[in-house]
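A.B. asks: Chain by chain, the residues:
Protein chains: 4
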Amino acid sequence: MTQNKVTPAQGKLGILVVGCGAVSTTFITGVLMARKGLTKPVGSMTQYDKIRVGRGADARYLHYADIVPLAKLDDIVFGCWDVYPQNAYQAAMYAEVLKEKDIEPVRDELEKIVPMPAAFDKNYAKRLDGDNVKCSMVRSSSAGLQGKNGQCSMPTRWQMVEMLRKDIQQFKAANDCARVVVLWAASTEIYVPVCESVHYQLSDLEAAMKADDREHVAPSMCYAYAALSEGAPFIMGAPNTTVDIPAMWQLAEQTKMPIAGKDFKTGQTLVKSGFAPIIGTRCLGLNGWFSTNILGNRDGLVLDEPANFRTKEVSKLSTLETILKPDVQPDLYGHGNDEDTQYYHKVRINYYPPRNDNKEGWDNIDIFGWMGYPMQIKINFLCRDSILAAPLCLDLCLLSDLAARAGRFGIQRFLSFFLKSPMHDYTQGEEAVNHLYQQYTMLKNAIREMGGYEPDEEID
Amino acid sequence: MTQNKVTPAQGKLGILVVGCGAVSTTFITGVLMARKGLTKPVGSMTQYDKIRVGRGADARYLHYADIVPLAKLDDIVFGCWDVYPQNAYQAAMYAEVLKEKDIEPVRDELEKIVPMPAAFDKNYAKRLDGDNVKCSMVRSSSAGLQGKNGQCSMPTRWQMVEMLRKDIQQFKAANDCARVVVLWAASTEIYVPVCESVHYQLSDLEAAMKADDREHVAPSMCYAYAALSEGAPFIMGAPNTTVDIPAMWQLAEQTKMPIAGKDFKTGQTLVKSGFAPIIGTRCLGLNGWFSTNILGNRDGLVLDEPANFRTKEVSKLSTLETILKPDVQPDLYGHGNDEDTQYYHKVRINYYPPRNDNKEGWDNIDIFGWMGYPMQIKINFLCRDSILAAPLCLDLCLLSDLAARAGRFGIQRFLSFFLKSPMHDYTQGEEAVNHLYQQYTMLKNAIREMGGYEPDEEID
Amino acid sequence: MTQNKVTPAQGKLGILVVGCGAVSTTFITGVLMARKGLTKPVGSMTQYDKIRVGRGADARYLHYADIVPLAKLDDIVFGCWDVYPQNAYQAAMYAEVLKEKDIEPVRDELEKIVPMPAAFDKNYAKRLDGDNVKCSMVRSSSAGLQGKNGQCSMPTRWQMVEMLRKDIQQFKAANDCARVVVLWAASTEIYVPVCESVHYQLSDLEAAMKADDREHVAPSMCYAYAALSEGAPFIMGAPNTTVDIPAMWQLAEQTKMPIAGKDFKTGQTLVKSGFAPIIGTRCLGLNGWFSTNILGNRDGLVLDEPANFRTKEVSKLSTLETILKPDVQPDLYGHGNDEDTQYYHKVRINYYPPRNDNKEGWDNIDIFGWMGYPMQIKINFLCRDSILAAPLCLDLCLLSDLAARAGRFGIQRFLSFFLKSPMHDYTQGEEAVNHLYQQYTMLKNAIREMGGYEPDEEID
Amino acid sequence: MTQNKVTPAQGKLGILVVGCGAVSTTFITGVLMARKGLTKPVGSMTQYDKIRVGRGADARYLHYADIVPLAKLDDIVFGCWDVYPQNAYQAAMYAEVLKEKDIEPVRDELEKIVPMPAAFDKNYAKRLDGDNVKCSMVRSSSAGLQGKNGQCSMPTRWQMVEMLRKDIQQFKAANDCARVVVLWAASTEIYVPVCESVHYQLSDLEAAMKADDREHVAPSMCYAYAALSEGAPFIMGAPNTTVDIPAMWQLAEQTKMPIAGKDFKTGQTLVKSGFAPIIGTRCLGLNGWFSTNILGNRDGLVLDEPANFRTKEVSKLSTLETILKPDVQPDLYGHGNDEDTQYYHKVRINYYPPRNDNKEGWDNIDIFGWMGYPMQIKINFLCRDSILAAPLCLDLCLLSDLAARAGRFGIQRFLSFFLKSPMHDYTQGEEAVNHLYQQYTMLKNAIREMGGYEPDEEID
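Chains as they are written, first to last, in the numbering used here: chain A, 2 to 461; chain B, 2 to 461; chain C, 2 to 461; chain D, 2 to 461.
The shape of chain A in the complex, shown without the other chains (with noise of 0.2 Å):
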């Protein structure tokens, strides 16, 4: 056993979520509830996995909170930013995930959770119209500051910047914490490609930041950068390439803080990511997956937005290519597109609103085995967003924070189980991890690693 170099977990953990909506307060609700005992954190790795460590006659089958010093809930403070104004109570009432039963025995907890005005850009989410959002100074005017009488005026991206590491400042301040993790649970911004000129250097973008180019710096990345800036971890659940940048990638070595990202792993991709390792280790063949998903929460109105739906679906498509791979099996996998070159993978994301949070995935997947003869597959997949997403902030959270503790900063790979378009530096040629059973397996090293005991298990 090596020796075991994290840094206990004393003190508030606190926790800044961007966006108050469905994923938020279910996140936080469930939390709140779970610590009295009066639900369960079903889906929490952090809370129920139990891995092995030790091999052969010396294995046991620990919990993570066993092998690492991982934060309790009860030590977690709540804090967040949102476009609406509206309180995590009322906000958790609208979403409509939860029902009113599982919310009530919280209700003050939760009231006392009011959203600090986000640093917004309406040009990001067009289907957006909050108004409580940041605004600049507008000095000329007598009648002075945030915004009152309609002098309000968006503030420049670095503005954005200052105003949210002081929103950390005094968060962290006001509620007596040890350590923050800021979590975007907000929605998909407008796809912003990767441009080497503004994204590859910091000082690039600290550049663009302070030329408020708003066409390059996305909002997310003022968030990311406040808070890796205050020391705090950040992580991206939605598609936006807000971390998937070497400038932020040095920002976090400058600043010894880890970055997770991106998309929280929830429903048809999570079923994609577990179901295609089944062909794949049968050795069966593929000649076509279709996916359809039809949902109709603010996730997905913003996402019927055809710029923003570009983000996901970037995100969205890469999952079965690093699975299910033509050039290993070429027999298997190297068929049925237009070039002759690999089965055919098309997924398609529908604003349906009648479902609310109730997304809902359907698959087909055309297989073939023995001589090339066909078979099919379809997988219906009636989920819940919210719920599925709720655990993965909840263990995203807890194990930033633990993996910052652990001295570990940058991307952080083995938290690509968790995660849609899992980070990793392709700069360097490197590939994402999108198999469950690979992901699991970085996971559990990690784990063990932390803990002090042999990463022993091969990623194959």
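Mixed in with the good hints there might be a few duds.
Any copy, or any two copies together, can satisfy a pair, since identical chains are not distinguished.
With a Cα cut of at most 20 Å, we get these calculated DMTMM-like pairs of lysine to aspartate or glutamate [unchecked claim]: (1) K347 with E306; (2) K347 with D305; (3) K37 with D332; (4) K51 with E459; (5) K73 with E97; (6) K41 with D457; (7) K167 with D177.
Treat the hints as calculated values from the structure; they're not laboratory data.
Fit chains B, C and D to the given chain A structure using the hints.
C.D. replies: Okay, now just chains B, C and D, sitting in the frame of chain A:
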């Protein structure tokens, strides 16, 4: 690296198949076509899978045949028994699994594969009415042997054994085989509960055979006994309990032969053993799993008889319980059934002739997540029984032959991957392994070990 | 236009429901809520449907109530019998069909609906164990009536009839009802095959009741007999054969009362009776239809007993055969089963507790088209038993009451629309009508006729 | 009974099909096979359906041909145009819809059906690249006509008309046809919105053709114009707006010819137009209907181009709205979309090559019942485009020919039954009829009327 002590695969390998129906002919035709380069043996692990040997920087990914000495497709000779006299070409055409164009190129070879008379007892499969069956010699008659002139009567179980042994000897000699494997790819027999006074001691079993105890000795047991006695591994592809009895394990030990069973893992159970791990790995809860199946080939016809169905049902029900365990995760899997101790699991198999070989599974899975909120998954698998079974036949034969040459005898747990209800020594409290990836790990470790590499994966 | 001879719907209409479970309480609660304007009685033909009267230029589209004199929701008074003593509020909460907020506003009214003791014979529904049941008076005892001190014993069938008649009389008087309807919305009893010597002549049936012939006289027959004797129409909502016997028809004729049954057409059969006409109308062929059902409420529990299931199965199987007829279109519907004379039709019902009232049907339909090429349709209906049954309860009660006032007695074929296995005089070779649109035509014609309009549609 | 004034069906009936692809060759092959008694024309109303004539006791059920004089299969002669030069045998083999054994017996006849060069404009179907197209004569060149030596250029629209008329004349003469019908069974063109200044007056349309207005005159309009001018009914099987314009109606009136369109009602819309009535008839509510489609044949390829998809989408969306009407039942159908006035209806079509001709629909239907409680229905239709379209081709040709002989010209509303987006005179505020059973009533009434019987059903 340990010393590789596996005997090389020299000479012909005889594969004697019990049953010349849809599965057998699809298997045989595919092998004959593949070795002419006219088709691909998709789904076969021995032909396609690559596994890692060595760890870390030393890791290499090799086909099985590059790790262990496997028999080549070119070295296989086929024979079979069946209650119907049609040759393998006629049987393949009748089965309507493969298109004519996928059979014709090997018609000549198929026509030469003519079933030997089967050791058959109609009580064990009432819906079958073939008359290509073994007869006892009626000595009092002048006419003579083999049931001519209606004087045929069913041989005793012990006579069956002796006749089958002679069949194997003759086949081996006639075809100049260095080794033989016997594979049961015939119907499900009626359910034979394990009876300690008959099935636990080899001597008791032999006595029962000699006493012609038709209640406790299924015809399939005669095939297994004959195979093992003749130095041939025996594989049970149906859910019959043939080799699931300690008496047979003793025989395998005496003759140093491997045995494997039971029930090819083809459609719904394949999906179940692969999908349940997704739920378990993500720590989601399970309220219930309802599986229904429609199938219309001769397998379905036989299963339409309640006594035969019982055999199948017992085989299918165990899968889930060993993957999602209430005792390990009571919050997640300790719900839902009558005694409130476990999720509700139900399996239905329905004979439905319109489908012929194209069976279909429909699974409804009631899971729950964060705070106990329910979600549903439906999986509809439009599969082909024989197409999924054929590569399993090939792999089980080649790997059993390998095991014999490696000096591995008795229950072959590493073959669990291919089987719906894998063998295990229940008299020692051993549990079956149904988790697809744990099975795969066992398979990989065994290949590594027989290849002289370290079996370096833990099964968890 | 003919003369409208329907007696007006004056005074209170008592609706006495046998069973105070999920269906009954959903029905009652909905009516109470709707007449307060707090909900909508969706699915009710009497409340929503409009039908044409007059032809061509004279055509007008009217609600039923504008054509015939229907009882108003405001005039309904509810009562019930049940083996469990809980009042309708408690029963509605227990059933968990409706949300609390949809029950509370009428809590007071529901609490006043307290079940009268049921006429019950446990042999007819083994899985039920309530003890709010009628007892015969044990005269030899000093303690007295109604089974106090454990001296209760099951009344004879004829005593049941007499007790139930008294219940009806008292309810009618206590609630000042002008008319009463009795509706069976309780469990499926075990299958009682029609027995000519008991069930064909009213005198035979009465003799059997008096002889306490428990094998041939189901408790439900006592309810029907009592209702008809008291001048109340009787409706059988379960698949029991209660009123499917000529003896009961004689009684209905004597008392000039309508009878209707059997089995509410709620989920899968509704779809089947509506979907099969699509296939038939387009002259597509049918090879097979496989229907499976999972349901978990008390209905499912009772049906888990084979003898009760048998009753249900007989009810469900007939649907298809009267819509897609092999004799009329032998090329299209004369295929597929054992004797090659018809498509293969199979229905499975499975008790699956995780679902409670939310039953689910999965239908697989194997059709064929041009040149015999096969195609498949799968229908997955995630429905709610009680939500679909409640409007049928309302319509059947209101329309039976209408029929009584219109002088229509005996079998009411125009109510086939609402029923899974509609009544018909099989002793005259009459066939059931299961085709949804033919049933609808019968319904419309009857309304027109009772409204004094021409019943101008042909049923084809 | 009125006087039957339909001209008998004497002599040969030429059927000229635009497009020689999957649908056309399946249609033609089936007819050729059926008239040899080698297959059954399943799905064809003219060959299978029986309808009632007479009412009540006089009712009789007759095949169409026993009511009206229909052309016999034996009297049909086929011809076609296509951009690819392959004959009908080659095209049928390429399409892979029918098995070889269902084509070979009529190979000779099929090989004789060689496509005439198509009137084609690549702008209208970018994904098609065939070169068997009509060329204008380039007079300035010495080489000459028909585009030899690369001097081919696209004819003007008016030249197309003239060339097509000549084709029809020659075909008719060469095959000794008494009558000809022209059927469009080719690709979907790009969307051409109706433009009042071009499409409302026949003179305007002719002027545009002569001016070679390629934006407003689709090639399909040239086929329709040519057909009608030559005294042939024209049928539009794709969603092109070709005959959905008043100018074409004028021409049909002048030439006394029937026109029918548009878009064969094959898969998902067939189900929709049949399933929506189930919901409506039972007065259930609708919150939303989401339809997705995957298809992979040339039809799908063409539709993968957004401009062509637009044409299809417009055609498919109208179906539901005319069956479940918010204005008639606001409580049931006035919910769910943005303006809270109607349920949410969405249709998606996806090009998915692995399926070839076997398209597949998945419909999710969100209904609600009693007290507004939601339920879901999913319909998965694994269908075959050409197998469903072929009998429609036959019926539309035979019935259009019948209509012409019955003196019915212009829009044939009684053919709505066969069409996804049935023609109607929108300039008069007429509404399309999409309800399957209303369409069927119109069909039956028309047959009755042309047969001299009373068209005695109301359409409601």
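A.B. asks: With reference to the structure, classify each hint as holding or not holding.
C.D. replies: These are the hints, each one checked on the structure:
1. Both within a single protomer and between protomers do K347 and E306 lie at most 20 Å apart by alpha-carbon distance, with minima of 19 Å and 16 Å respectively.
2. Within a single copy, K347 and D305 get their C-alpha atoms as close as 17 Å, and across copies as close as 13 Å, so both meet the 20 Å cut-off.
3. Only between protomers do K37 and D332 lie at most 20 Å apart by alpha-carbon distance; the minimum there is 16 Å, versus 55 Å within a single protomer.
4. For a Cα distance limit of 20 Å, the shortest separation of K51 from E459 qualifies both inside one copy, at 18 Å, and across copies, at 15 Å.
5. With identical chains, the CA atoms of K73 and E97 are never at most 20 Å apart, being 28 Å at best within one copy and 36 Å at best between copies.
6. In this assembly of identical chains, K41 and D457 lie within 20 Å of each other by CA distance neither inside one copy nor across copies; the values are 31 Å within and 36 Å between.
7. In this homomeric assembly, K167 and D177 come within 20 Å of each other (Cα to Cα) only inside a single copy, at 15 Å, whereas the closest approach across copies is 74 Å.
When held up to the earlier numbered hints, the structure conflicts with 5 and 6 and fits the remainder.
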